[in-house]
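Novice: The task is simple: from the sequences and hints, build the whole structure.
Read off the chains here:
2 protein chains.
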Amino acid sequence: TIYVITPTYTRLVQKAELTRLSHTFLLVPQLHWIVVEDSPHKTSLVSDFLSHSGLAFTHLHVATPRERKLQEGDPNWLKPRGVEQRNEGLRWLRETNRNRAEDAVVYFADDDNTYSLQLFEEMRWTQRVSVWPVGLVGGMRYERPVVEQGRVVRFHTGWRPSRPFPLDMAGFAVSLRLVLVNPEARFDGDAPMGFLESSFLQSLVTMEELEPKADMCTKVLVWHTRTEKPKMKREEAMLKQGLGSDPAIEV
Amino acid sequence: TIYVITPTYTRLVQKAELTRLSHTFLLVPQLHWIVVEDSPHKTSLVSDFLSHSGLAFTHLHVATPRERKLQEGDPNWLKPRGVEQRNEGLRWLRETNRNRAEDAVVYFADDDNTYSLQLFEEMRWTQRVSVWPVGLVGGMRYERPVVEQGRVVRFHTGWRPSRPFPLDMAGFAVSLRLVLVNPEARFDGDAPMGFLESSFLQSLVTMEELEPKADMCTKVLVWHTRTEKPKMKREEAMLKQGLGSDPAIEV
Ligand SMILES: O=c1ccn([C@@H]2O[C@H](COP(=O)(O)OP(=O)(O)O)[C@@H](O)[C@H]2O)c(=O)[nH]1
Ligand SMILES: O=c1ccn([C@@H]2O[C@H](COP(=O)(O)OP(=O)(O)O)[C@@H](O)[C@H]2O)c(=O)[nH]1
Ligand SMILES: [Mn+2]
Ligand SMILES: [Mn+2]
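Just so you know, the sequences run in chain order A and B.
Using the numbering used here, the letters of the first sequence map in sequence onto residues 23 to 273.
Using the numbering used here, the letters of the second sequence map in sequence onto residues 23 to 273.
Any given hint might turn out to be false.
Identical chains share a label here; the pair holds if one copy fits it or two copies do between them.
Below, in silico cross-link-like pairs of lysine-lysine (DSS-like), each with a Cα-Cα straight-line distance of 27 Å or less [said to hold, decoys possible]: (1) K101 to K262; (2) K241 to K64; (3) K91 to K241; (4) K91 to K253; (5) K91 to K64.
Treat the hints as calculated values from the structure; they're not laboratory data.
Only a predicted model underlies this, so the values are computations on that prediction, with no experimental measurement involved.
Specialist: In C-alpha cells form, the structure reads like this:
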C-alpha cells in the first residue's frame with residue numbers, strides 16, 4: 023500500500039484541487055489517501071467529496087494553532103504550512119499499525135502539486151527513504167539529489183545546499199516500517215525556514231542511505247505547482263446589489 | 023465519442039498541466055483528445071507526452087499570429103487566447119468527418135481548468151448545445167445559466183449579462199452534427215472582449231434552445247482554475263554562477 027498524507031484547508035479552490043488530485047490517485051493501484059483538514063472539525067465539503075471519490079481514504083482533522091497560521095498578506099515562506107496535519111497523519115498510521123508490520127510506503131502529497139503516475143511506481147519499492155527530483159520548486163526549474171555511483175552525494179538546489187536534507191516535501195517517501203520503528207519522528211513546526219523536511223528525515227536516515235529513484239534522479243515526475251487565488255471583485259460588487267452567487271451552491 | 027479540443031502553449035507549467043488533465047481524461051470513457059499547440063511546429067515535449075499518455079488523441083499545431091499574441095506584461099483580458107487553436111480543432115473535425123455523421127460531442131477544454139468526471143456524463147447526451155455552471159470565473163464564485171421551467175431564461179454573471187451568450191468556454195458543449203451542418207461556425211479572434219464564446223455559439227443556437235445540464239444548472243462541475251507562473255529567481259542567479267539546472271532534464 024502507498025499511504026498518501028494530504029493536508030488541506032478551506033478556500034475557494036479547495037474542491038477543484040481535491041478533484042483533480044483524486045483523479046490521479048484513482049489511477050494508482052493500492053493507494054490509501056489520508057486527508058487531514060486544517061480545521062477544528064471535518065467539513066461537509068470534504069466529507070461528501072471523499073465519500074463520492076471512489077478512493078480508499080481516511081478523513082482526519084486538526085486545526086493549526088492560530089499563532090502558527092499564516093495571516094492574509096504574510097509572505098508564504100514566513101511559516102510552514104500543513105505541519106500539524108502531516109503529524110496527525112503519522113499519528114493515525116502509528117495507532118492503526120500498532121499490532122502489525124504492514125509492507126507499505128508513506129508519501130506526503132500537498133493538495134496543489136502535480137503528480138505523474140510513474141512517480142508512484144518509483145516510490146512503491148522504497149526500503150527506507152527514497153528520493154527524486156521535484157520540478158518548479160525553490161525558484162528553480164527543478165531541485166534534485168545528485169547521484170554518483172548509485173549514491174546521493176549532494177543536492178542541486180538554489181538555496182543552502184548544506185541543509186541536512188534540502189528536499190521538498192514532494193521529493194521523498196518513507197517506508198511505513200521506518201515510521202513505526204521511529205515513533206518520535208515528526209515534523210517540527212518551529213524548525214527554521216527550509217528545515218521542515220530535515221526535521222523529520224534527520225531522525226530516520228542519513229544522506230548515504232537515501233535510495234535514488236526516477237532514473238538516478240534524472241527525471242522530473244512531480245511538480246510543485248501552485249494555483250492562483252481567484253479574484254472575487256465582481257462577486258463583491260454583485261453582493262452589494264443583492265445579486266451575489268447563491269451560497270447554497272457548492273463551488 | 024466526446025471530442026475534447028485543448029489549446030496549449032510552451033511554458034514552465036505546461037507538462038504539469040497536461041499531466042493532471044490527462045489523468046482526468048483517462049477516467050472518461052470514449053474520449054478523444056484533440057491537442058492543438060500554439061506553435062509553428064509540434065514540440066517534442068507534447069509529442070512524447072501524448073504518445074505515453076494512454077489516451078486516444080490527435081496532435082495538431084497552429085501558431086497564433088504575432089500581432090494577436092499576448093505580450094509579457096499585457097493584462098490577460100487584452101486579447102483572447104487559444105482562438106486559432108480551437109478553430110484548427112474544428113477544421114480537423116470537419117475534415118475527418120466529411121463522409122460520415124458520427125454521433126459525438128465537442129467540448130473546448132483549456133489546459134489549466136479543473137474538470138469533474140460527472141461533467142463528461144452530463145455533456146455526453148447533448149442534442150445541440152448543452153450548458154452548465156462554471157466555478158471561479160469572471161470574478162465570481164460561479165457563473166451559470168438560470169433555468170426556469172426547464173429552459174434557460176437568463177445568465178448569472180458579474181459582467182454584461184446582455185451578451186448573446188455570457189458563458190465561459192468551459193460552460194458548454196456542442197454536438198458534432200451541429201458543427202458539421204454549420205461549416206462556417208468558428209471563433210472570431212477579433213470579437214470584443216467577452217464575446218468570443220458568443221461569436222461561435224450565435225451561428226449555432228438560440229438561448230431558448232440551450233440544454234441545461236448539471237441538475238438544471240445548479241451544480242458546479244468545472245472550475246476555471248489558473249496556475250501561478252513559477253518564479254525563477256534562484257535559477258537565474260545559479261545560471262550566472264554556471265550552476266543552473268540541466269537543460270537536458272525536461273520539466
Ligand atoms: O493554512 C494552511 C495552508 C496550507 N495548508 C496545506 O498545506 C499544504 C502546503 O501548503 P501550500 O500548498 O499553500 O504551500 P506552498 O505551495 O507554498 O509550499 C497544502 O496541502 C495545503 O492545502 C494547510 O493545511 N493549512
Ligand atoms: O499564448 C497562448 C496562451 C494560452 N493558450 C491556451 O489557451 C487556453 C486559454 O488560455 P489561459 O488559460 O491562459 O486563459 P485564461 O485562464 O486567462 O482564461 C489554454 O488552454 C492555454 O494553454 C495558447 O494556446 N496560447
Ligand atoms: Mn503548494
Ligand atoms: Mn485558463
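Novice: What hints, given by number in increasing order, does this structure fail?
Specialist: Per hint list: 1 and 3 violated.
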